[in-house]
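Chains R and V, in that order, are what the protein sequence lines are.
All the letters of the first sequence, read from the start, carry residue numbers 1 to 300 under the working numbering.
All the letters of the second sequence, read from the start, carry residue numbers 1001 to 1245 under the working numbering.
One or more of the hints may lead you astray.
Dumping the calculated EDC-like pairs for lysine to aspartate or glutamate here, alpha-carbon to alpha-carbon at most 20 Å [to be verified]:
| id | chain 1 | residue 1 | chain 2 | residue 2 |
| --- | --- | --- | --- | --- |
| 1 | V | Lys1223 | V | Asp1205 |
| 2 | R | Lys280 | V | Glu1034 |
| 3 | V | Lys1134 | V | Glu1120 |
| 4 | V | Lys1032 | R | Glu254 |
To be clear, the hints were calculated from the coordinates, so they are not data collected in a lab.
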Amino acid sequence: MSISLSNISKSYKKVKAVQDISFDVKPGELFGLIGPDGAGKTTIFRILTTLLIPDDGTAEVAGFDIVKDYKAIRKSVGYMPGRFSLYQDLTVQENLSFFATIFGTTIEENYDLIEDIYVQIEPFKNRRAGKLSGGMKQKLALCCALIHKPKVLFLDEPTTGVDPVSRKEFWEMLKRLQKKGITILVSTPYMDEAALCDRIALIQDGEILEIDTPKAIVNKFPKTIYNVGADNMYKLIQSIKNYEHLYSVFPFGEFVHYTDKRDSFEIEDLKTYLENAGLKNIHIDATQANIEDAFMELAR
Amino acid sequence: MREAENVIVADQLTKKFGDFTAVDAISFKVKKGEIFGFLGANGAGKTTAMKMLIGISKPSSGTATVAGFDVYTQTEAIKKNIGYMSQKFALYDDLTVKENITFFGGIYGLPRKKIKEKREELISQLGLENISNKLVGSLPLGWKQKLSFSVSLLHEPKIVFLDEPTGGVDPITRRHFWEMIYKAANQGTTIFVTTHYMDEAEYCDRVSIMVEGKIEALETPKKLKEQFNVASMNDVFLKLARNIE
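With the hints as constraints, model all of the structure from the sequences given.
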């Protein structure tokens, strides 16, 4: 295993940041930690990168123990923290040279690994890092995390605050790095990015809700979900909340996702109910569960 | 049927910084009670456009009225008639729930009696009775956001500007938040959401998409998805922003 956690717990004073967490990441896998702010994602990263010692449990990264072998781990992993932490007053090139030197290597030695990312920021190589745009900073940080050719790459919310175009490019870069044999652990609060990982752990309040492939997690969803739409979203939600057979209702863009308590649900029955409640342009049809549906059901 | 009143009307609104045109002659209207999504990539001009609408940046040319007031000459009246909430700046962490409400009530110029009334109403609506004397900094993110949205409505503004309101929140809390937005809109408050999170766009009645200072699309999410023949607003955005096939 490239990464292996068993029964890891960590508290900050009274707050239990992570509780009894165990999972494995296989060599070459792209593994996602998916959960909202405060779920414990960053604590897990800090423990695995040897910046924080857990209260309980053990973990290994690239075959090394996170407590005993912390120096070996630091040489073998790349870490891109959530907050931009390069030197703002060094230039792009100076930052990269600095990180290469720290790890006892040179930019030239591992250039093939970063080439297709670095060429995008090379036109700005003499610009100070603090003056780069968000997308550019993110690319530079990734280059710096890769310059010593790590076996395992840790990316803590790399796409937070980044627009859809840059997000898409970033995930394409990760897929290419994966092909070069690097194991990647990435966290994100965006459920739509879960589908891009080989396997994911859904995490909330320091506990893991589920670990599996994105597809398997969605397939395990226990109920049929219906898209329901009408002319007034507020009245629609209020009316459905009073429907006696309601199991769950959540707004999902232009529709709400509705599930029913009964096994034999009749669309016409709900439609009549909503019509009697004064709603118009009613639309009901079955749809597929997605990761957010699964997350909400597991967090219930 | 009477046509709904427009609360934002922008016509050829433009902002230049030297040679650079940040906002390039945008024209659009937003109706009363509408949830309007204002989308664009980083650097597309969203923030500059919004600053003009909320009266803190003077346009280079073009016209606009917000809540019936002119963005050149009546900026103080605009500020009194709008609310603002952002993920980055919301409430004061080292004031309690009650103190925050009182403080913002004061900022918005509400009379003392009205603040007290609103404070009690809001605390009971959000179910915050037991924690009304706790520091806001100690509350979970989701509660902070709901409180922050409610505070932006304290002075009963005609329009609320929301800047990336739900990023990072868990999916259930996010949906509670959108239910609050639907409720406010249903009561006639116009909601103007700026965001580059496309899943927030899916909840809007209509969305505009800015690319390099211009509005390249303005439609309901449903029609945009049909027009571009894709399943999500994210895909609509990718097609527009990159002009890819």
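Outcome of the hint check:
no. : hint                  : result
1   : V:Lys1223 x V:Asp1205 : 11 Å, holds
2   : R:Lys280 x V:Glu1034  : 18 Å, holds
3   : V:Lys1134 x V:Glu1120 : 15 Å, holds
4   : V:Lys1032 x R:Glu254  : 19 Å, holds
Every hint from the earlier list agrees with this structure, and none is contradicted.
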